[in-house]
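There are 2 protein chains.
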Amino acid sequence: MTTRALDDVRVLELGQVYNAPYCGLLLAAQGADVIKVEPPGGEIIRRPAVSPGGASYSFLMLNADKRGVTLDLKKPEGRELFLRLVEKADVVLENFSEGALARLGLAYDVLAACNPRIVLASGRGYRPGSPYESFAAMDFTIQAISGHMAITGFPDSPPVKAGATFCDMLGATHLFAAILLALRERERTGRGRALEVAMLDATFPSLMSYASPYLETGNDPGRVGNRHAVPGSAPYGSFPTKDGWVAIMCVTDEHWASFCEVCPDPLLADDESLRRMPNRGPRRDWIEERVAAWTRDLPRVELLDLLVPKGIPCAPVRSLGEALDDPYNVAQGLLRPVAVEGRGEVRVLGSPIRLEDEVSTPRRPPPRLGEHNREVYGGLLGLADDELERLVRGGVL
Amino acid sequence: MTTRALDDVRVLELGQVYNAPYCGLLLAAQGADVIKVEPPGGEIIRRPAVSPGGASYSFLMLNADKRGVTLDLKKPEGRELFLRLVEKADVVLENFSEGALARLGLAYDVLAACNPRIVLASGRGYRPGSPYESFAAMDFTIQAISGHMAITGFPDSPPVKAGATFCDMLGATHLFAAILLALRERERTGRGRALEVAMLDATFPSLMSYASPYLETGNDPGRVGNRHAVPGSAPYGSFPTKDGWVAIMCVTDEHWASFCEVCPDPLLADDESLRRMPNRGPRRDWIEERVAAWTRDLPRVELLDLLVPKGIPCAPVRSLGEALDDPYNVAQGLLRPVAVEGRGEVRVLGSPIRLEDEVSTPRRPPPRLGEHNREVYGGLLGLADDELERLVRGGVL
Chain Y
1 MTTRALDDVR VLELGQVYNA PYCGLLLAAQ GADVIKVEPP GGEIIRRPAV
51 SPGGASYSFL MLNADKRGVT LDLKKPEGRE LFLRLVEKAD VVLENFSEGA
101 LARLGLAYDV LAACNPRIVL ASGRGYRPGS PYESFAAMDF TIQAISGHMA
151 ITGFPDSPPV KAGATFCDML GATHLFAAIL LALRERERTG RGRALEVAML
201 DATFPSLMSY ASPYLETGND PGRVGNRHAV PGSAPYGSFP TKDGWVAIMC
251 VTDEHWASFC EVCPDPLLAD DESLRRMPNR GPRRDWIEER VAAWTRDLPR
301 VELLDLLVPK GIPCAPVRSL GEALDDPYNV AQGLLRPVAV EGRGEVRVLG
351 SPIRLEDEVS TPRRPPPRLG EHNREVYGGL LGLADDELER LVRGGVL
Chain G
1 MTTRALDDVR VLELGQVYNA PYCGLLLAAQ GADVIKVEPP GGEIIRRPAV
51 SPGGASYSFL MLNADKRGVT LDLKKPEGRE LFLRLVEKAD VVLENFSEGA
101 LARLGLAYDV LAACNPRIVL ASGRGYRPGS PYESFAAMDF TIQAISGHMA
151 ITGFPDSPPV KAGATFCDML GATHLFAAIL LALRERERTG RGRALEVAML
201 DATFPSLMSY ASPYLETGND PGRVGNRHAV PGSAPYGSFP TKDGWVAIMC
251 VTDEHWASFC EVCPDPLLAD DESLRRMPNR GPRRDWIEER VAAWTRDLPR
301 VELLDLLVPK GIPCAPVRSL GEALDDPYNV AQGLLRPVAV EGRGEVRVLG
351 SPIRLEDEVS TPRRPPPRLG EHNREVYGGL LGLADDELER LVRGGVL
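Protein sequence lines correspond, in order, to chains Y and G. Here the working numbering is used: the first sequence runs in plain steps of one and ends on residue 397. Here the working numbering is used: the second sequence runs in plain steps of one and ends on residue 397.
Extracted from the complex, chain Y is given alone in its bound form:
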């Protein structure tokens, strides 16, 4: 058993849905002791009443390698127990709505009074103090307000969200990095801090391809389907083959030259003016029609076999099933099979950050509701069994 970068870090995760739970997953994957603290009924996406074995598949995917306890923070005894846990922890991680923690009497200054080394990390939709502070936020609403829906889809269709929950995940990953920064700072100062990462902020840089022309010229490129926001790159898009689509992009003159070596269309290869990118932009409709006329009759794999060795950026447009059933995912530890009581084998998420050469199996399956109550409240805080029973009866755990 090798040591890992966060072996000495304990996290209390008050996470719900995707944002903070994914951040907790990233922490746990590096060896942190992540204790997921759920209300006695379970966090929102656990949905114990309607899920076989007492937990939804989404919950299971995001919460392996964590310990799980229950606690009603709205009860005075629950709050008190939480503060005793804070004394033994390094990080409190939460993504309640703005102000919720303070209303529970658990604002940062209260936590810091218990443990000045504590880092309070909050995933938010928007920055506190901003005009949107009071907006309840989830991935979809951030895609809407951020401008990302406006730049997604075909020109003749309404704005559409990405299927990817990239706002949650970008928020969570920036939050993870912010926690690591705060732990580094703590080594120097001896003190923790409160920090927030807003999903709106975390997704702002992903507007780049549209923001740069807009800020430079004031012109909105509009929705462009699978094309490049700025005309110039061609071919750039999703091209039909005999058995599915292939994404192809020529964004340099070198890509184009390589493309012409494999594409047998003399109207493309022999046209000297097309060898310079500024001349391809105005003719991209025509170029891409010619390209499609070629790709249409090829099997997808054959087209890729021609393009890949030439260094032209390309990839199959895979279906969800193709993408998920790819052995790559298990081989790289992105999906990890684990036995879950009442469920059989479940494939849970792993971290994209893998510092070891070898892929590891989950150290523990996702926790059942309150599974580690005795281990944590007994072992860590020293509560006796009869005391635990009393707390369960009183609805505190």
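Just so you know, the hints here were simulated from the structure itself, not pulled from any lab data. Just so it is clear, CB atoms sit at the ideal spot from N, CA and C, and this is done for glycine as well.
Quick list of in silico lysine-lysine cross-link-like pairs, BS3-like style, CA-CA up to 27 Å:
no. : chain 1 : residue 1 : chain 2 : residue 2
1   : G       : K75       : Y       : K310
2   : G       : K310      : Y       : K74
3   : Y       : K310      : Y       : K242
4   : G       : K74       : Y       : K310
5   : Y       : K75       : G       : K310
6   : Y       : K75       : Y       : K88
Covered, in the sense of this in silico footprint (three residues per stretch, anywhere, with C-beta under 8 Å from a C-beta of chain Y), are these stretches of chain G:
no. : segment
7   : 148-161
8   : 305-318
Position chain G relative to chain Y; hints supplied.
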């Protein structure tokens, strides 16, 4: 001047396009000395020949707060100078294609022989050793192969990419966190390490909403436009108003109850069976038609004023211009105005991670090509002016 978490870290950034440059931006924002090392002609998206002032707007947006030097790594003297910089650095950050650094004679073992504390951080499309190792990768091709295009768009349209370059940015943010982990580990071991983050891996968790039903049931939900992948949540979607769309999502029974308090349609509010989520799913077409019939006649702001105080997740579907021109961006330091020679005022990106209360202005504008050659090669490595001139003449710088 306060100290910052990465004040003591020096980074050599061999970044191009968005991925590693965004990671470099995140490092620089925390005080790291990021030295961007470009080939003598500039990195790919600088495009000096066709850009006013010698740099494209995209390049400017991503590279403030960095120093910039030129260096031809393909020349023996260039490689040698780079290794002398490695001796003075903590991190080498790159996103060349797989194997490129090794072909330059700059594999990790060579760097570590110069400086065993060096961290080599590589942004990749795919994991080295995987079946896709040889695929040239960019954001668009990762959206294609990852399955994200297949889950984006309307059911009757082909797969479409998100306008967001979320694959680049998720790759970069995970890479940033991985660097922080390696620096933490180095404090214990005294040694750096090589690490890679693949964009395909970094975007995998964002499949969550579609992966969980697929892995649980084997059924592909298909493209669902702005709806939820799994029927049950209703209303959930983008609803028309008098002056634009509004995203609304009721994903709990509490949301629904609150919604019925503001939506005046008695057919919704008075139907007791609809109060439980499992009963709303099968009737979502009808529910959402009723909702749209109500929202259609309201101004967007009025609808939001009704929904927001009720805690119902909602947001305007903003245009690109609305999103970019929002004063929020400058107030939160996401866009930072800075004077750039030959360009006037340019708005460059800031980091979504802000540990200070106050928004800071850029410490320095994006570097001109080779702007800090003398400062870095002279100041850091002690090269004399005539030696620098000789290197410029020889095309090494």
